[in-house]
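A.B. asks: Chain order of the listed sequences is A and B. Residues 1 to 201 (the numbering used here) make up the first sequence, in order. Residues 202 to 402 (the numbering used here) make up the second sequence, in order.
No wet-lab data here; the hints were simulated from the structure. Warning: the hint list may mix true and false statements.
[Claimed, not checked] Quick look at which bits of chain A chain B covers, simulated, 3 or more residues with Cβ under 8 Å:
{"no.": "1", "region": "54-67"}
{"no.": "2", "region": "73-80"}
{"no.": "3", "region": "92-106"}
{"no.": "4", "region": "128-136"}
{"no.": "5", "region": "157-168"}
[What the hints assert, rightly or not] Derived Cβ-Cβ restraints for the label pairs, each shown as a range:
{"no.": "6", "chain 1": "A", "residue 1": "Thr54", "chain 2": "B", "residue 2": "Pro305", "range": "41 to 51 Å"}
{"no.": "7", "chain 1": "A", "residue 1": "Tyr43", "chain 2": "B", "residue 2": "Ile246", "range": "52 to 62 Å"}
{"no.": "8", "chain 1": "B", "residue 1": "Cys354", "chain 2": "A", "residue 2": "Glu20", "range": "44 to 54 Å"}
{"no.": "9", "chain 1": "A", "residue 1": "Val48", "chain 2": "B", "residue 2": "Arg259", "range": "52 to 62 Å"}
[As the list claims (entries may be wrong)] List of simulated lysine-lysine pairs, BS3-like, C-alpha gap at most 27 Å:
{"no.": "10", "chain 1": "A", "residue 1": "Lys193", "chain 2": "B", "residue 2": "Lys377"}
{"no.": "11", "chain 1": "B", "residue 1": "Lys377", "chain 2": "A", "residue 2": "Lys35"}
{"no.": "12", "chain 1": "B", "residue 1": "Lys377", "chain 2": "A", "residue 2": "Lys176"}
Treat the numbers as computed from the prediction; the structure is a model and nothing was measured. We treat Cβ as the ideally placed atom computed from N, Cα and C, and that holds for glycine.
Number of protein chains: 2
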Amino acid sequence: MRVLTGPIGDARPLGTVSSEELAVAAGVNSATLRKDLSFLGSYGIRGVGYDVATLVERLSCTLGLTEHRAVALIGLGNLGQALAGYGGFASRGFRIAALIDADPRRVGTTVRGLRVRHIDEFEAVVDECRITIAVLAVPAIAAQRVCDRVVACGVTSILNFAPAVVSVPPHVDVRKVDLAAELQILSFHESRKAALAGARR
Amino acid sequence: MRVLTGPIGDARPLGTVSSEELAVAAGVNSATLRKDLSFLGSYGIRGVGYDVATLVERLSCTLGLTEHRAVALIGLGNLGQALAGYGGFASRGFRIAALIDADPRRVGTTVRGLRVRHIDEFEAVVDECRITIAVLAVPAIAAQRVCDRVVACGVTSILNFAPAVVSVPPHVDVRKVDLAAELQILSFHESRKAALAGARR
DNA sequence: TAGATTGTTAATCGATTAACAATC
DNA sequence: TAGATTGTTAATCGATTAACAATC
Numbered sequence: 001m002r003v004l005t006g007p008i009g010d011a012r013p014l015g016t017v018s019s020e021e022l023a024v025a026a027g028v029n030s031a032t033l034r035k036d037l038s039f040l041g042s043y044g045i046r047g048v049g050y051d052v053a054t055l056v057e058r059l060s061c062t063l064g065l066t067e068h069r070a071v072a073l074i075g076l077g078n079l080g081q082a083l084a085g086y087g088g089f090a091s092r093g094f095r096i097a098a099l100i101d102a103d104p105r106r107v108g109t110t111v112r113g114l115r116v117r118h119i120d121e122f123e124a125v126v127d128e129c130r131i132t133i134a135v136l137a138v139p140a141i142a143a144q145r146v147c148d149r150v151v152a153c154g155v156t157s158i159l160n161f162a163p164a165v166v167s168v169p170p171h172v173d174v175r176k177v178d179l180a181a182e183l184q185i186l187s188f189h190e191s192r193k194a195a196l197a198g199a200r201r
Numbered sequence: 202m203r204v205l206t207g208p209i210g211d212a213r214p215l216g217t218v219s220s221e222e223l224a225v226a227a228g229v230n231s232a233t234l235r236k237d238l239s240f241l242g243s244y245g246i247r248g249v250g251y252d253v254a255t256l257v258e259r260l261s262c263t264l265g266l267t268e269h270r271a272v273a274l275i276g277l278g279n280l281g282q283a284l285a286g287y288g289g290f291a292s293r294g295f296r297i298a299a300l301i302d303a304d305p306r307r308v309g310t311t312v313r314g315l316r317v318r319h320i321d322e323f324e325a326v327v328d329e330c331r332i333t334i335a336v337l338a339v340p341a342i343a344a345q346r347v348c349d350r351v352v353a354c355g356v357t358s359i360l361n362f363a364p365a366v367v368s369v370p371p372h373v374d375v376r377k378v379d380l381a382a383e384l385q386i387l388s389f390h391e392s393r394k395a396a397l398a399g400a401r402r
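With the hints as extra help, turn the sequences into a complete structure.
C.D. replies: Written out as structure tokens, the structure reads:
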């Protein structure tokens, strides 16, 4: 029995691993896991399991982890600074290639080795750095305006951290990250715990 | 026809609204919406729609928005500072009641009107401020250690922003927010766009 | 009343999983 | 070969939605 520590993506090449082992580690059913892996093609070996190296290679490819996408981070307030330093990006194939802000006091400063550039230069930055994804960490009030400029520069994937809903043309993908939503889910469970405790009393 | 702007929760009391209108605004099927609302009980009026004021009241109650939960924010680096200033919390019934850090240089400073207190005081803070939820915005390396202390102080709901998986006893709820996960989903769509463009060429 | 809209049933759809033939 | 494990089928489960009786 091999022991997997940490997320599946971190698994070291230890030979092979069975769907059952992966399923236990991931907390899912082994049939589901096999079905999901079969999406990549038949890379498992019956009676043996999956070759870890092959699996990592195939998964990385399919998930686009081998491409190292260039991301532009727009807005360098506290949230932007936090995202610039967030550990989870590089390991998943994202490279923060450009930092953008509208505040002249921030433009020209250096954050984590990158010079902050003005939003007016964004079109040039997109070309230069081959930006495919923009991350919005701007104030809610500025979100739509900045989003429009981003779309105008041909970027078609946007991750929106601003607490505002933005509208975009149909060919553009926007994902909104709502930092309060998770808290709300927790709170809902907490209410139920309280109700349960009340019922027992 | 009434026009709803922004998320449903922000709807101003304009009299009544139909399930169809709400469904269009929320981008879901009207039958689904009616079924979900019926979970609250029968508060709609046949042939008329839903009274907006009643609906807001019932929803707020059920989602725990009327309770104004006291949240402790632990870790005041960039991410912590960003969360402290995040607009989405208050409107959803969360009050950041305490700020906690381990760095003596941060302890005692004031952030958004709250004095930052040392993690060693956490047990007292929980009692004093009636904390029910802890938000972890600490470095990955410290996450498990801090989490253990939080659990030891009797907090049973934790929102983890640290890029690390923490383990807790079964009676504790942890939700992990992975800021890179959303980016990865976008990236996956982006890969498919590129593949599609390639196929057309 | 006639028109509109809810609340709910029954049908549909998709996702999950147990089971097992294929095969290493 | 015998044991193990995959890949996939068929069954199950749950969620979504169309349809409509109830009723304002």
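A.B. asks: Does each hint fit the structure? Answer for all of them.
C.D. replies: A quick look at each hint next to the structure:
1. For the region 54-67 of chain A, the proposed coverage by chain B is satisfied: 3 residues have a C-beta within less than 8 Å of a C-beta in that chain, meeting the threshold of three.
2. As drawn, the region 73-80 of chain A meets chain B at 3 residues by the rule of a beta-carbon pair under 8 Å; at three or more, the given contact holds.
3. For a cut-off of 8 Å, the count of residues in the region 92-106 of chain A with a CB near a CB of chain B stands at 3, and the three-residue condition holds.
4. Here the region 128-136 of chain A counts 3 residues with a CB under 8 Å from a CB of chain B, which clears the bar of 3, and the coverage holds.
5. With 5 residues carrying a beta carbon less than 8 Å from a beta carbon of chain B, the region 157-168 of chain A meets the three-residue requirement, and the given coverage holds.
6. Evaluation of the 41 to 51 Å hint for Thr54 of chain A and Pro305 of chain B yields a pass: the beta carbon distance comes to about 50 Å.
7. For Tyr43 of chain A paired with Ile246 of chain B, a C-beta distance near 58 Å keeps the hint of 52 to 62 Å intact.
8. Against the hinted window of 44 to 54 Å, the Cβ-Cβ separation of Cys354 of chain B and Glu20 of chain A comes to about 38 Å, which falls outside the hint.
9. Separation of Val48 of chain A from Arg259 of chain B is about 56 Å and conforms to the stated range, judged on CB atoms against 52 to 62 Å.
10. For the proposed pair Lys193 of chain A and Lys377 of chain B, the alpha carbon gap of about 20 Å is at most 27 Å, so the pair holds.
11. A hinted pair counts as satisfied when its Cα atoms are at most 27 Å apart, and Lys377 of chain B with Lys35 of chain A qualifies at roughly 26 Å.
12. Between the alpha carbons of Lys377 of chain B and Lys176 of chain A the distance comes to roughly 17 Å, so the proposed pair stays at or under 27 Å and holds.
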